[in-house]
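Participant: Okay, here's what each chain looks like letter by letter:
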Amino acid sequence: MAAVEVEKLTKKFGDFTAVDALSFEVAKGEIFGLLGPNGAGKSTLIRMLTTLIPPTSGAARINGFDVTRDPDHVRRAIGVIPQAMTSDLDLTVTENMLIFAKLYGVPRARRERELKELLAAVELSAWADKPVKFLSGGMRRRLEIARGLIHEPKIFFLDEPTTGLDPTSRIAVWEMLMKLKAGRDLTILVTTHYMDEADRLCNRIAIVDHGKLVALDSPLKLKASIPATSFLEVSFSKLPEGWTEQLKGLPDVESVVEHDQVFRIASDNGPRTMTDLMDAAKRAGTEVVSLSVKSTTLDDVFTHYTGRQLRDELQSGKLDIGYMYRKGSGI
Amino acid sequence: MNRILALLERDMRKFFRSPTLMIVSLVLPLVQLVIFGYAFGGKIKNLKVGVVDQDDRLPAIKLREMMQAIAANAKTFETVQYSDMGKALKDLRNGRINGVLNIPPNFSRDVASQTNPKVALIEDNTDEIATSALEGEFASLVGAYNANPVAPRVAAKVTLSVVEIYPYVPYIQFLLPGVIVLSIFVSAMIGGGIIYIDDKARGMHEGYLVTPISKFELISGFTLSGTAKAILTGIVLTVLGSLIAGVPDALDPGRLLRLMLVIVLTSFALISMMFLMMVRVNDPLVPRATFGVLNTLLWFPSGAVYPTAGFPKWMKAYAQADPFTYAVGAFKSLLLKNTGFVAITGDLAFLIIFSALMMLSATLLFRRTL
Chain H
1 MAAVEVEKLT
11 KKFGDFTAVD
21 ALSFEVAKGE
31 IFGLLGPNGA
41 GKSTLIRMLT
51 TLIPPTSGAA
61 RINGFDVTRD
71 PDHVRRAIGV
81 IPQAMTSDLD
91 LTVTENMLIF
101 AKLYGVPRAR
111 RERELKELLA
121 AVELSAWADK
131 PVKFLSGGMR
141 RRLEIARGLI
151 HEPKIFFLDE
161 PTTGLDPTSR
171 IAVWEMLMKL
181 KAGRDLTILV
191 TTHYMDEADR
201 LCNRIAIVDH
211 GKLVALDSPL
221 KLKASIPATS
231 FLEVSFSKLP
241 EGWTEQLKGL
251 PDVESVVEHD
261 QVFRIASDNG
271 PRTMTDLMDA
281 AKRAGTEVVS
291 LSVKSTTLDD
301 VFTHYTGRQL
311 RDELQSGKLD
321 IGYMYRKGSG
331 I
Chain U
1001 MNRILALLER
1011 DMRKFFRSPT
1021 LMIVSLVLPL
1031 VQLVIFGYAF
1041 GGKIKNLKVG
1051 VVDQDDRLPA
1061 IKLREMMQAI
1071 AANAKTFETV
1081 QYSDMGKALK
1091 DLRNGRINGV
1101 LNIPPNFSRD
1111 VASQTNPKVA
1121 LIEDNTDEIA
1131 TSALEGEFAS
1141 LVGAYNANPV
1151 APRVAAKVTL
1161 SVVEIYPYVP
1171 YIQFLLPGVI
1181 VLSIFVSAMI
1191 GGGIIYIDDK
1201 ARGMHEGYLV
1211 TPISKFELIS
1221 GFTLSGTAKA
1231 ILTGIVLTVL
1241 GSLIAGVPDA
1251 LDPGRLLRLM
1261 LVIVLTSFAL
1271 ISMMFLMMVR
1281 VNDPLVPRAT
1291 FGVLNTLLWF
1301 PSGAVYPTAG
1311 FPKWMKAYAQ
1321 ADPFTYAVGA
1331 FKSLLLKNTG
1341 FVAITGDLAF
1351 LIIFSALMML
1361 SATLLFRRTL
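Just so you know, the sequences run in chain order H and U.
Numbered according to the numbering used here, the first sequence spans residues 1 to 331.
Numbered according to the numbering used here, the second sequence spans residues 1001 to 1370.
The set of hints was computed from the structure by calculation and includes no laboratory data.
From a predicted model like this one, the values you see are computed outputs, not experimental measurements.
From the three backbone atoms N, C-alpha and C, an ideal C-beta is built for every residue, glycine too.
Just so you know, not all the hints are guaranteed correct.
Stated by the list, open to error - Stretch by stretch, here's where chain H covers chain U in the computed footprint (C-beta under 8 Å, at least three residues):
1) 1005-1011
2) 1201-1208
As the list claims (entries may be wrong) - Partial pick of chain U residues on the chain H-facing surface, computed with a CB cut under 7 Å:
3) M1001
4) N1002
5) K1014
6) P1212
So that you can see chain H by itself, here it is in the shape it has in the complex (with noise of 0.2 Å):
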């Protein structure tokens, strides 16, 4: 039994519809990302998988539990990490973490153990009798991951853990969440804009645009998937006429964008690409000044498979209600 199954599922807010027939699965175990621009219907999905908003059709099971028929076993057996941090400024760390243990039922004894367990492991049992107002950022959100395993769930939702942080406290995020994930039978559906991460971190992607699944592998395939396999940004002393035309016309070249008189071109063999643009250059009379080549990442996959178009659609009013104190909510 995988530990997420989706089906068809399918949300719509009156004729919009934010999540299109989305069907996959998620292994026991496994770190699965979730990726897809602004609007791109990432949050539903994950509000739909947590039972906070029902499906409109299709189903969705959690650790075997349906999230319409059985919710409250899906509830027992998740945590979920919001994209606003939710923690109580005026409540101290242990105050915060324990409400929460105690909505989700754990009994006193495991309570206390799992309280300290989890501040060390997120390192901030230094800060447990601290008002969470005078927390980082970084260190709010490592709380609510400490908080989101309380009560030891199966499976872990996270919404945008890092957004808003700086590098470094976006690596510690990490950095615990996989020591947390090494010592429990965890599976972790996360969803993130940072594609780094997700490369490093996930064993399988999702991609999904415009409530649709546009892309499921490992990122390791995800970036076999596409056209190019390297990426060279090249500029020249002087550009010929019709040079970018020329470029095109080289063996092995996908694609060539000039941009500020910088030349970005896709090839499938960035080596072989790199010596015929010293010769075409030679011959055209110009000169390389600048030459760089690198391998396709999750960017050049991402940028592939959603275009560059800017999403700048209206967000679903019903759900945005944290417009006040939130950066932005995301559907």
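Chain H is already provided as a structure; the job is to place chain U on it using the hints.
Facilitator: What follows is chain U alone, placed relative to chain H:
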């Protein structure tokens, strides 16, 4: 039950850690009681009455002496002598004095001949309360002036003897029940309205909704914590307010017990009402925009500030449906008359039925999803 208590624990911890919230909930209503109570409650004193005596003979002098006696004792007014009517009227219009008593030139002659002697009181009727006080005092004065110094053997006229069954109730005491109910309402507005919606907007409820807490537990937790804070406010206001207002036997245990029941039922009724009003609201601006008006809509028609007997018909009907009316009524019975349960049974029954209806409606409307 543990989950309900967890929500209660969270709210109470927050409440006791927020001095601002405690000041707003507990101290400000007391300040309001004192300011309102003394602003409206005092006896009118030291009004200035100009006296233009155009007669200046014995009967007129007797009248002036009686006025000076009032100025010296009751101090409702003090007199300022004028020789010129025009000057007195000018000062009246300029607000230097509150009224002018004109004793006409033929006053003594008319008294002696018993041909309808008259004096005139010219008053600044823009201030109705001061005017009423002056009229009342002068009516007594003229009555005393007319009284026969030797009482007849058989009374010819009917007289009214007024017997007050309760000690004198100053306005601050009259106002106290309304201020207690208002403070409970402010607590309900903050706890059951503003904080509830703010928590929702901050995503706190999202955190609760992903736990296995049931709809009943959520509603009970929210209601219980709101009610607990309102009860606390009610107790503090009742005890301190009674002492400040000088309620006789303020700490009588039997009465305090009955007051406690009224505080609990009032708190529950107002929190239930607030919960129903906010159950589908998501926008944090809504409670803030609504509450100023709600105060007026509920407090003033309840008889807290002015007796409902003085209301027009439609407003009396409105007051009948206002939960404040019954809460204020019950507090008045206990604080001003120290009655038993029988006198407040109707008020308590209304508050119980009202709370049940509000909670039932709120529960039906409450969604356990976003």
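Participant: Look at each hint and say if it fits the structure.
Facilitator: These are the hints, each one checked on the structure:
no.: 1; hint: 1005-1011; verdict: holds (count 5)
no.: 2; hint: 1201-1208; verdict: holds (count 7)
no.: 3; hint: M1001; verdict: violated, 10 Å
no.: 4; hint: N1002; verdict: holds, 5 Å
no.: 5; hint: K1014; verdict: holds, 5 Å
no.: 6; hint: P1212; verdict: holds, 4 Å
Hint 3 from the earlier list is the only one contradicted by this structure; the remaining hints agree with it.
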